[in-house]
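Q: So you can see what is in the structure, the chains are spelled out below.
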Amino acid sequence: MLWALGVSNPWMLLWLPAAAIPLIIHLLGKRRRITIPWAATHLLQAAVRQNSHRKRIHHWMLLLIRTLLIISIVFCAAEPFLESESLATAVRRPEHLILVFDVSYSMGYRSDGTLVLDTAKSVARDLLAKTADGDVVTVVSMGRYAKSAVTGAVQSQESLLEIVEALPLEQTTASLPPAIDAVAKAIKSVDGEHFRVSRHKAFFLSDLSTRTWDVPEFSALERLAEVCELFAVDVGADEWGNVAVIKLDIADELALTNRPVEIHARLKHFGSRTFLDGRVELIADGQRVQAVQADIDSEEDRVFAFQHRFTAPGQHVIEARYQGDDLDSDNHFFYVLPVRDSIRVLCIEGGPLHGGQPGEADFLALALEGEESAAEVRDVRVQIVSDGKLNSLDLTAYDCIMFCNVARISPEESALVKSFVSRGGALVLFLGDRIVPESYHGAWHDNALADEQLLPAQIVGLSPVDVYQFDPLNYEHALLEAFRGQASGGLLTTPVFRYWRVEPAADSAARMALAFSSGDPAIVEKKFGQGRVILVTMPASTASRDSETGTPWTLLTAWPSFPPLIHELLAFSIRHDQAELLRHVGEPILIDPIPGRLPGSLRVQLPSGEIGRVETSTGGSPKPFVFADTWQSGIYRCLAGEESSVLSQYAVNVDTQEGNFQRTRQDGLPSAFTLIDASLIEMKLPGQTTTRFNPRDLLLALAGLLLCGDILLSLMWWRAR
Amino acid sequence: MLSERENFDPRKLAGLQGLELRARHIVDGYLSGRHRGAHRGYAVEFAEHRDYAPGDDLRYLDWKAFGKTDRLYLKQHEEETSLYCYLLVDTSASMAYQGPGAPLSKWEFAQCLAIALAYVVLSQQDQVALALFDHRISQWVPASSHPAQLKRLIDLLDNSSPRGESDLPTAMRQFARQSKKRGVVFVISDLFGNIPAISAGLKHLRFKRHDVTALHILDPAEIEFPFDRAAKFVDLELGQGTVVDPLEVRTSYRREVETYLSTVKESLRAARLDYVLLRTDEPFDTPVAELFATRGS
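From first to last, the protein sequence lines are chains A and B.
The working numbering puts the first residue of the first sequence at 1, with every later residue one more than the last.
The working numbering puts the first residue of the second sequence at 1001, with every later residue one more than the last.
For the record, the hints were derived by calculation from the structure and aren't laboratory data.
Just so it is clear, the structure is predicted and the values come from calculations on it, not from any experiment.
Take these hints with a grain of salt, some might be off.
[To be verified] With the C-beta cut set under 8 angstroms, the calculated list includes, among others, these residues of chain B facing chain A: (1) 1230; (2) 1231; (3) 1233; (4) 1249; (5) 1252; (6) 1257; (7) 1260.
[As the list claims (entries may be wrong)] Residues on chain B that point at chain A, a partial pick, calculated with CB under 7 angstroms: (8) 1094; (9) 1224; (10) 1228; (11) 1232; (12) 1234; (13) 1244; (14) 1253.
Note that CB positions come from ideal geometry on N, CA and C, so glycine has one too.
Use the sequences and the hints to build the structure in full.
A: Shown next, in the form of structure tokens:
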């Protein structure tokens, strides 16, 4: 049995020589004795002989007791302890060791060539090496959610080590509360299964980034601390630096083929460590198209602009990639960019076509296409058809359908248009004097739930004839962003004399983009499916007139604000919300329901190439399809059919805030945790399999006994005298 | 004017410097008549008859016996005028001891006691001799009844001091050889030594037809052991030290003293020797008077 003796307060041992005090007093006393001449020596010696034996015993016993008393008091103060591994093994009860690995992507940082996660695994191996038969081990990975990899009695060190080695790095942040819940659950499980462990110890192996650890105290943690010892093991690097690509988008609203598209990549430098030879590249559709030197000052961010020309329409994948730092996870930013060769607009003429007068749609076409020119390339191509022709057209050939003062909507047209918009098409409705509100309501409003109503608002009646101006509502809507500060644009002076009054439903997702000075909506829009509907409460022509006075409803078409307004309407209507195509790791991808498509018929291809299933979500109407397995950053492809045609693509990126792994120190940790530095864990490991025996209480008891003995002996001696 | 007994009170005698002065006070004490009983001394004693031989002194004819027996007998008397009193005084180093609170050392007390005894004897016109002894008889003043004898004894006592080891048996045997005439022997000593040997030594004197009285002088400290501080008790004769905590040994010491005194007493009485215990802090007149009274009767 190996014993190690130690003392907690070695300086107290300097008092040990005090144990000689009783002896010194005895010797000094001898020296100081007086001398008395004496005659009756034989009598004295006879008397001494009588009690000399008893006296000697008394004397030496007292000397011994007093010396031992001082020694025991000194050792009490020095607090000696005995440590023994064998003893610990002999008397040790099983323990529950919980290893919680921070698997946030910041743990992929390379410090002096070693992954921080690998350092954590090395510490875990040391901890596992100190387990004994009967111990229970739980391994938890702490990412956005916590997962227990294993909980069970230690059967084989090798199997545990394999599990630890196989723990993957996630591309998420690490969240503490779920990890605490997982630990609590593991403890409950262990206690419930009667492993009879003596204690629970949880080691959180982390780089202690503030994003994970700077959390307020919460009750679950406090409850856990009552039953489990909690240790935060710092495996992070003291000096660090990281450059992350935090954003990627295009400067223009729309990307068109054969036009240079300006792409902006924003990079941020976290931390103090500098990087030389940093480069940022633009990759389009898997091809590197441009690279530039990226020098960014510490704690600064910088935008790098690229230009690229796409030759084919469709969804293109672009990626900004940084090279030059020690953390790769946030060096990529993916973006799905819809590119069109041109914007195709179908205008449904509500008035007579070819009636010799410009029709409702002609003004729109003129505003969108401009004058006929010899230019080969046009951004916008407009086709005008009468309202009866809608059913015969393939609406998938168009990006936007504009109804120009169309009187009625047939059921077939209603379904076609609804399907068109659901699939991502844009619908713009201009309401003039011809429309029959009931027809519109019947097609796209009545008998439908709010989320299934195509119309952004209910048409309630005509406004009185008056002079109205637009109220831009502080230009808060993106549709009017271009008009901000453009007073000469004429938007605010556009004369309107009559319009349809509409009322958006209170709980609908419709938003008012432009209002009249009367407060009534002028333009209301809403998303529908993958598309968008914009309701304009006035006509796009001067053809609509008041029947009594003949006053045109609006002079909008003659006003300088008309072309830019129509262009903004078009651009806004066809612009996809990037939030749908751009997600963070761990956020589910929501796929708008596609009529005729069941979730089971859809599949999602992960960046790794694996195929995942699409589920139906529990909320919303119509219920979107959900793909939740977005734990890898990269491009996810929604596939349909046996031929696995790509319906849509989605970009999933890491939350780059995790790249700012500012570290927490002891005072920033929740108070339930004890901070341990990984380099000192061998010395300070509280879970080591040794037992420390502190005989302080015994020594104190011994000192008390000796004191009583001293008093008792002295009393006996005094009485014997 | 000294009060009663003050002449023999060691405390008062201690205040007098010099043995001569002390002797004078002792003598004054006797002369003042307070201790007449002590002066009874020894009477002349008729010893025996013997047949008259021509030339004997007719003064000693026992006419009564002639009348009864028609024979001429001569009376024979004890030679009291030739009563011999031998004072054997112990001068071993142990006699120098004077305990705390004791007015006189044992030696000084012995001096005064010897002088008192000598005076009583000399006042009876008897003869007194003085022998000083330690391991042997070191000094000797032959017996005499001359008035100057007391002065001789005083001078001898005054000019002596206790030294050397005590060997009373040897000294007694030496005295027994030396002394020609039987007499009364007062052995003035602290009797420290082997009790049986001392008793045998004193008994030897008795064999020589001496009348032996042991005057045992002890210091009060030697009886009571009043010390309370640990000390090294150094033997006056041998020089060896004994470290003692008095508080530890007092009880047993006193027991030892009791045993010792009773042993001495019994041993001497068994040898038909007289024994008187004297403390150096108590007047010695009464014990001396009682002693003489006993002798006289």
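Q: For every hint, state whether the structure bears it out.
A: Results of checking the hints against the structure:
1. 1230: Holds, about 5 angstroms.
2. 1231: With Cβ-Cβ at 5 angstroms, under 8 angstroms, it holds.
3. 1233: It holds, given that the least Cβ distance between residue 1233 of chain B and chain A is near 4 angstroms, below 8 angstroms.
4. 1249: Holds, about 4 angstroms.
5. 1252: Cβ of residue 1252 of chain B sits 4 angstroms from chain A, so the hint holds.
6. 1257: holds (6 angstroms)
7. 1260: holds (6 angstroms)
8. 1094: Holds. Min distance 4 angstroms.
9. 1224: Because about 11 angstroms separates residue 1224 of chain B from the closest Cβ in chain A, which is outside the 7 angstroms limit, the hint is violated.
10. 1228: violated (10 angstroms)
11. 1232: Holds, because the Cβ-Cβ distance from residue 1232 of chain B to chain A comes to roughly 5 angstroms (cut-off 7 angstroms).
12. 1234: Status holds, d = 6 angstroms.
13. 1244: Holds, about 6 angstroms.
14. 1253: holds (4 angstroms)
Of the hints listed earlier, those the structure fails to meet are numbers 9, 10, in rising order.
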